[in-house]
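*Asks:* The task is to assemble the complex, starting from two chains supplied on their own in separate frames and drawing on the hints.
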Amino acid sequence: MSISTGSSAGNQYGGSMKRTGQDRSIDVGPTAEEYMLPSAQPVQLVDPQGEHVHNDRYPLPDGDELLAAYRKLVIGRRINEQANALVRQGRMAVYPSSHGQEACQVAAAVVLEKDDWLFPTYRDTVAVITRGVDPLEVLTLLRGDWHSGYDPHEHKTATQATPLATQLLHAVGVAHAAKLRGENTVVLALCGDGATSEGDFHEALNFAAVFHVPVVFLVQNNEYAISVPLKHQSVAPSLAHKAIGYGMPGERVDGNDLAAMLSVLGKAVDRARDGGGPALVEAHTYRMQAHTNADDPSRYRSQSDVEKWVPRDPITRMRTYLGNLNLLNADVERDIADAAEQTATTLRDGLNSDPDINPADLFEYVYTEKTSQLREQAALLADELSREGA
Amino acid sequence: MTETAVRSDAAETAAPPAGPQPLTFAKALNTALADAMEADPSVIMFGEDVGPLGGVFRITDGLTARFGEERCFDTPLAESGIMGMAVGMAMNGMRPVVEMQFDAFAYPAFEQVVSHVAKMPNRTRGRVKLPLVIRIPYAGGIGGVEHHCDSSESYYAHTPGLTVLAPATVRDAYLMLRAAIRFPDPVVFLEPKKLYWSKETLDLAELRKEADDDAATGSAVGLAVVARSGTDATLIAYGPSVPTALAAAEAAASEGRSLEVIDVRSIVPFDDETVSASVRKTGRAVVIAEAPGFASVASEIVARVQERCFHSLAAPVRRVTGFDIPYPSPKLEHYFLPSVDRILDTVDELQWEDA
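Protein sequences, first through last, are from chains V and H. Position one of the first sequence corresponds to residue 1 (my numbering), numbered consecutively onward. Position one of the second sequence corresponds to residue 1001 (my numbering), numbered consecutively onward.
With the rest of the complex left out, here is chain H (with noise of 0.2 Å):
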């Protein structure tokens, strides 16, 4: 695949050091896959060069070497067949996840996702659970060429029976992943390209205590958190738009407004309570995705919360979102991507004059 996209991790693979350091976004997916792998052995790896070469972006980085080929394979390239084969799997025992190298080469599989994938357990009245994860590198900002930047959430999470997770933060790429593994249904994660080599210190035994605490309380999946706490207006992201609600909301800051930032994390189940509770407080509200805005999960949002937050609202709920056009290659990406001076524009137009 594309050259540009391939980092490797391969100088952090030695036995990591205890206490807090430096870890990106890539390899904290890389050690929860890892550390799922060890601690069940039904939790198997496949698809397209995630074997030897460890995934385009480095993500099963050495799962081979250390798991062996049974449990970290490459398969043909043929993403409905892999999708397919890991529905088989996880209805005769297995945890499979599954990469769909890029979010706009995982379409082949869709027939498989939409009709058996969502639809199985519901179908056989829960007999059949499909606890399978489909990871999906996803959205923009790599200036990646045609086919390689798609923001597809809203296919995924139109279609009852997938949960759609979405991490922005280190951290979360670490225990959303695990949680996605344990989860009993079955799970789209998309890992925004962008962040891939975002960095955060951490402490990994923490990390995986927590991890631990979460399979226990199962409070991983569905919740929505408050990235940024904040008075006058509400940014809601998710995915590779946190990053850039925090900087808008970091550069209102340094002119006198403060926003709160909700990183949604979990699309579907959707956290109307966190999310609500946060407009109701600022009474104004800007939704932001990458995706094209028409008939999207940034609607939903904004429907969710006209539908609960009306009587606190002082202003129309709006959105900064794609275009509605294709994405557009790496040199006319930026005027398409929601931008922290879109949002900023955005913000001064939720009629403070009659604050």
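In isolation and in its complexed conformation, chain V is listed as follows (with noise of 0.2 Å):
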């Protein structure tokens, strides 16, 4: 295997290997081993009380690019609490809070370009709406009106996936689609923890190595799938550590630090694009709140475990940061909740005002084409409805 130095800056792994585990025998350079495993420790750029750590692999992102992040990490977090609340008002069947994961979700969704395609998860809501899509269009399927309420090919962004792990596929298929139409496209596909268990994680791995597409894989360990911790899903060494066995770099971050999570995230992206092939990250992170409003964890998890990671909020210690390098004033923060509110108050309204939902739309995209059958069947709903309006 030839190590060529010549690829991008983007590449974090030691080299620009088309191929991995060809030819082993050439002494030149990291073993695959070297630049597939991950780091020791998750990658950390700045600790929970707001101090930057050094790491020589990833660069910390520049001041304005860290400040107009953590503006959508606030905006995140208000959209988790905005959510709940429309949950306990009865104007959701059910949300899937990220409360604790926005690092993950604002950082997925700013790496890529307009061009690239995230594939996110139902607990993804605030990665989907930070991508720029309409929060009440993506708020759809959890307030019961269709399924999925967006155009995915309008924002580049596939419709949340609730089935574990399937989605990792479509996000190969649509990869190795742009890669054979020669396209400069990136795609970022997430899942959790609970989904590497999955034998669509391993299939979806196995052929984004195999085909080498441009795909980062980002598992945003959160401890747990509904009740069950981790240890109950995997006694690997680390998620990220399963990337090896697929022949592509895995990396692990501290998935509460903004930084880190956008510096890694990005050099993945960039490799990707650069023709460096499929990675995986493993983001470690915490649910802070219940699985769904549907979920009581006091059954499985002690208070105490949870308040462990408070202090290593992602907010709290981007916020430092920033404030040490007087990026933050209580003019740009004000600036920024009131950014925060304003979305709170468009998805408030939004929700409060009941949609208008049509009936005869349950035929309609069936088919392309609406068989005899379901011509049938349409005329016997309309019927029925004429009868009860008469």
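Accuracy of the hints is not assured; some may be wrong.
[Claimed, not checked] Subject to a maximum C-alpha distance of 20 Å in a straight line, what follows is the list of computed PhoX-like cross-link-like pairs (lysine-lysine):
hint	chain 1	residue 1	chain 2	residue 2
1	V	Lys114	V	Lys156
2	V	Lys156	H	Lys1129
3	V	Lys179	V	Lys156
4	H	Lys1119	V	Lys156
5	V	Lys308	V	Lys231
6	H	Lys1119	V	Lys370
7	H	Lys1129	H	Lys1119
8	V	Lys370	H	Lys1129
9	V	Lys114	V	Lys179
[What the hints assert, rightly or not] With the Cβ distance kept under 8 Å, some of the chain V side facing chain H (calculated, not the full set):
hint	residue
10	His147
11	Pro152
12	Thr159
13	Gly173
14	Glu203
15	Tyr367
16	Thr368
Bear in mind the hints are in silico, worked out from the structure with no lab data behind them. Glycine is no exception: its CB is placed at the ideal position from the N, C-alpha and C atoms.
*Replies:* As structure tokens, this is what we get:
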């Protein structure tokens, strides 16, 4: 394997290997183990006290970039809070909150270019809104008006996946098609720690590696799959260690450190765009709230476990760090808070008005052209409704 | 895979002579794939062993050589992976055609098929279309060992959002596969394995012209045809059971009974009109399918005929299907499969004494 140094600056893994595991006999540079295995500890660039931690491989994003992302972080937290409130008020059926995981959510959205694709899960509402999709269209799924309320093509953002890990294969397919057409698209595919146990996780990573397509897999390891802790999902040294088994680099990162998330994910995305192939990033974070409002976490974890994560909150440390840099002052903070409140108001106003639901739509999109069977059934329902209205 | 399943059509890969010529079902499918790939660069073919080998049934023979390994390629051995990747490719401008190597090996892909292939257009209010084709070598009668002969159509037909086609003739093998690849929605394309080596004499140039005409009218999907006209009773069949039904009709004719045979062709959407018209005319019907009969496509057809033709019926609508057992091993399968005798016995029971 020849190690080209002509790869992009975005290649943190030590080489621009087109394929891995071939011709290992030539001893020129890092071994597969050296560049595919994750760091010994999750990469952290700003610690919970708000202090910069130096890292040789991952540069700290500059202040302006961090400030812009911090703004999205605060708005993301407000979206989580408002959505939870709307469920309590009966305006939404359910909301799987990403409270505590907002650094992952924001980073996943901002590292992508407009023509890249994002493949989110049900817990990634904040990432989808941060990517620019209309918040009310995003919440259509959880309000229960329709399954997906936004146009995936318009924002290059797939529907929020509810089955686990199935969307990772779709991400591989989108990337594969783009690669065949010579397009410069990168696909970022999200899943949680529980989803790494699914067969489709394995198949997606293997397909991505074998076809050498530009997909970055981001696992938000929030330690719980509903009630089941990570130790019951996997006893691998880390989830990022799984990468080497597929022949792609893996990295782990402090998922509550916005700076580290931006740096690590950004580099993986750059590397994929430069033809470096797929990568697996594991973000260590914590689901601070219940799985959804229907869950009772007291049955499987103690409040003291949750409280250990409070000091590691992604907003607190970034606020301290940016404050120390004099990038945050009262005016800027007020401006950010206003923007967050405005988003919350949009959500409240939008969800407090009853949606226009058309029962005829039930039959409209199953096929491009309705079958005769669906035409009959649509007529039956229309007849029922007309008699109700009479 | 099973060596017995392998036949090569290599001898037929040379430039075909003009005019009518003998064409196998397998070669018709192969030609349809090649023609579709020629006509549309977004058509790509992938699956297990479909590359240099040309598929275990040789349906993709020569495609990699002709179109390159980017357009006809082998994947890792993982059916869910194949199906899920096809979803993504279809989302992003391609028209993937995937091969599930055998009916019973397609089940790992079932979640992708049911949760995504079938639901994506509806989930997104038609904003994400999935123009893809799932080719499945299908059903029995080839002496295949366990897991090689399932009739799995009911699983797919029961899933809203899927279009399910089953050709029974060489001509339809070509025309229906071309139509499936052009179709805007996902198609489960069931290829009766026992018909792969059946032959018809056909003029490819005319078939191609007909495919172009179909493209203009969209008429190749959703229509049943009268495969044989008759007056006394209607045999309703699809895929591998059509030749059996035709043989039964031929035998009945020699006994003085005129049976009409309907080739359903399109299981979903189902052509109620053609089927009902025939049964209203004859007043008697037998539905024939290899799949176990309980909760099956055959059951659905019986129900639909009964609902639509009740006042024309002279006898209960009957079924000749596989038994409700796992597909038998090769030496036992002939007891299981609908046979000419079993069909004729059932026809005999259609209350002729009241006629």
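*Asks:* Run through the hints listed earlier and report the numbers of any the structure violates, in increasing order.
*Replies:* none
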